[in-house]
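Enquirer: Using our numbering, you'd call the opening residue of the sequence shown number 3 and step up by one each time.
With a Cα cut of at most 30 Å, we get these calculated DSSO-like pairs of lysine-lysine:
#1 226 / 108
#2 226 / 191
#3 108 / 190
#4 191 / 108
#5 190 / 104
#6 177 / 206
#7 104 / 225
#8 108 / 98
#9 225 / 108
#10 225 / 206
#11 47 / 7
#12 22 / 7
#13 98 / 191
For the record, the hints were derived by calculation from the structure and aren't laboratory data.
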Amino acid sequence: MSFLKNCLPSNAHGQVVAAKEHTYNVIIMMHGLGDSEYSFAHAAKNIPLPNTSYISLRGVYRLPLDFGTPEGNWMWGEDVHFDTNGDLESEADFSKCLSVLKELIKGIIDQGILSTRIFFFGFGQGGMAALYCVSQLASIYQFGGVFSFGGKLPLAMTLPSSPFMTSVYFFEKRKNSSIDDYEEGRLKKTFRSVQRICWNRDEKTDMPSSPNEWFVFVEAISKKLYVHNKLYEDAIQLS
Numbered sequence: 003m004s005f006l007k008n009c010l011p012s013n014a015h016g017q018v019v020a021a022k023e024h025t026y027n028v029i030i031m032m033h034g035l036g037d038s039e040y041s042f043a044h045a046a047k048n049i050p051l052p053n054t055s056y057i058s059l060r061g062v063y064r065l066p067l068d069f070g071t072p073e074g075n076w077m078w079g080e081d082v083h084f085d086t087n088g089d090l091e092s093e094a095d096f097s098k099c100l101s102v103l104k105e106l107i108k109g110i111i112d113q114g115i116l117s118t119r120i121f122f123f124g125f126g127q128g129g130m131a132a133l134y135c136v137s138q139l140a141s142i143y144q145f146g147g148v149f150s151f152g153g154k155l156p157l158a159m160t161l162p163s164s165p166f167m168t169s170v171y172f173f174e175k176r177k178n179s180s181i182d183d184y185e186e187g188r189l190k191k192t193f194r195s196v197q198r199i200c201w202n203r204d205e206k207t208d209m210p211s212s213p214n215e216w217f218v219f220v221e222a223i224s225k226k227l228y229v230h231n232k233l234y235e236d237a238i239q240l241s
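Let the sequences and hints guide you as you build the complete structure.
Expert: See the structure below:
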């Protein structure tokens, strides 16, 4: 069993997809509103990265709506709101989510993983919760990065006096489909490095939906991963 399973707080649930080699990097995956940890755990198995393990977390509250999925429907915020179109709003109180992540991150770091090798992968409300929680913890830890697919900063959040070092990659299916220029500006006031990536399509969600789109994510995160090269470890120095 992966040591990461023991890092999960007692009030949290998740699936660990462990690296085949030694783990140097950890990606915390946060699903969208109404989903569960199983969908992202399945995705993690299809995108193996060297020396990298995944923790696919379950939302900290059960959604009070039944979509008929056997794993249940979960959310990251305490309350449920609807917009003027009758759709579920992502913005919510993420206090419990922050508490869970804070304990989880401490557990991971206690196992010897550097905070700069901890990454966040979130979709929709999961991306919003990841951005919010990282911003609240960035004065304590410097993380490897946040990969948010359609999840923006909560509008109710107070921005910091100066941006944090953590890098953010924001993905959306078409420019301005998930955030506008004002919301992008809020991201840049919160995080020093923000890259906005558009799939340039109208259908489906902000998540990658083709091998080429997944490659964009893999290429971006691969530049930040620590990969242990056994070739150098076993090499004999020549003089």
